[in-house]
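Based on the provided sequences and hints, a complete structural model is requested.
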Amino acid sequence: MLEKKREGERSFAEGTPHYYGHRERLRERFREAGADALSDYELLELLLFRVLPRRDIKPLAKSLLEKFGSFAEVIAAPEVRLAEVKGLGDACITDLKIIQAAASRLLRGAVKKRPVLSSWSTVLDYCRTAQAFADREQFRVLFLDKRNQLIADELQQIGTVDHTPVYPREVVKRALELSATAIILVHNHPSGDPTPSRADIQMTQQIIAVATPLGISVHDHIIVGKEGHASLRGLKLI
1 MLEKKREGER SFAEGTPHYY GHRERLRERF REAGADALSD YELLELLLFR VLPRRDIKPL
61 AKSLLEKFGS FAEVIAAPEV RLAEVKGLGD ACITDLKIIQ AAASRLLRGA VKKRPVLSSW
121 STVLDYCRTA QAFADREQFR VLFLDKRNQL IADELQQIGT VDHTPVYPRE VVKRALELSA
181 TAIILVHNHP SGDPTPSRAD IQMTQQIIAV ATPLGISVHD HIIVGKEGHA SLRGLKLI
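Using the working numbering, the first residue of the sequence shown is number 1, and each one after it goes up by one.
Just so you know, the hints here were simulated from the structure itself, not pulled from any lab data. Just so you know, not all the hints are guaranteed correct.
Straight line, CA to CA, 25 Å or less: simulated SDA-like cross-link-like pairs of lysine to any residue [stated by the list, open to error]:
no. : residue 1 : residue 2
1   : Lys-97    : Arg-50
2   : Lys-67    : Asp-95
3   : Lys-67    : Ile-99
4   : Lys-226   : Val-85
5   : Lys-226   : Glu-154
6   : Lys-58    : Gln-100
7   : Lys-236   : Leu-178
8   : Lys-112   : Arg-25
Have a look at this one:
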């Protein structure tokens, strides 16, 4: 009986797909050493295992990275572009978007808990997570109270690949509605290069000109992209 049982166990092991052992090794490495011990495609594999338990995920993870460039760019890619990847169904795309939403909400929660100006690195992380990898320009405004704590975070406009319409009076009007005493402007450059354009500088100056007489400070205008971020205040452009 015992010998027959062992033969049955050996038969089951021999029939197990080769990638099952790979998955367990990845999970163990993640548990013991953390995410930094995994490459981008391995971390993608861990995410996709849940939705595609009966497939070898490594080729799909590598295809995603080849198409989009990095783990962050895969997670942030528009759904229509993710759907172009062979083998990536609706369930997988939904899971990737859930991860993106969770990351954004986690960082936004961290920003809300303390004065923005004293946690600037967290603000930058949140801005990059929220829109650095978007394929169209987005204009966002962070509205702050007199203690520089976040009152509201609002996506004001979504434009094209290289332009977003911004209306200074509407921005300031919304600040007054929220009783905000300061704002931080944020937008992205889908090209990846966060260098401010002349139009970016002029638009910021126009908002400052409308906001200042009404007692509303423009702390900064942050531009984010795949290659990093730029601060107009840091660059002494405002």
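Okay, the hints, checked on the actual structure:
no.	hint	result
1	Lys-97 with Arg-50	14 Å, holds
2	Lys-67 with Asp-95	18 Å, holds
3	Lys-67 with Ile-99	19 Å, holds
4	Lys-226 with Val-85	21 Å, holds
5	Lys-226 with Glu-154	21 Å, holds
6	Lys-58 with Gln-100	21 Å, holds
7	Lys-236 with Leu-178	28 Å, violated
8	Lys-112 with Arg-25	38 Å, violated
Checked against the numbered hints given earlier, the structure breaks hints 7, 8 and satisfies all the rest.
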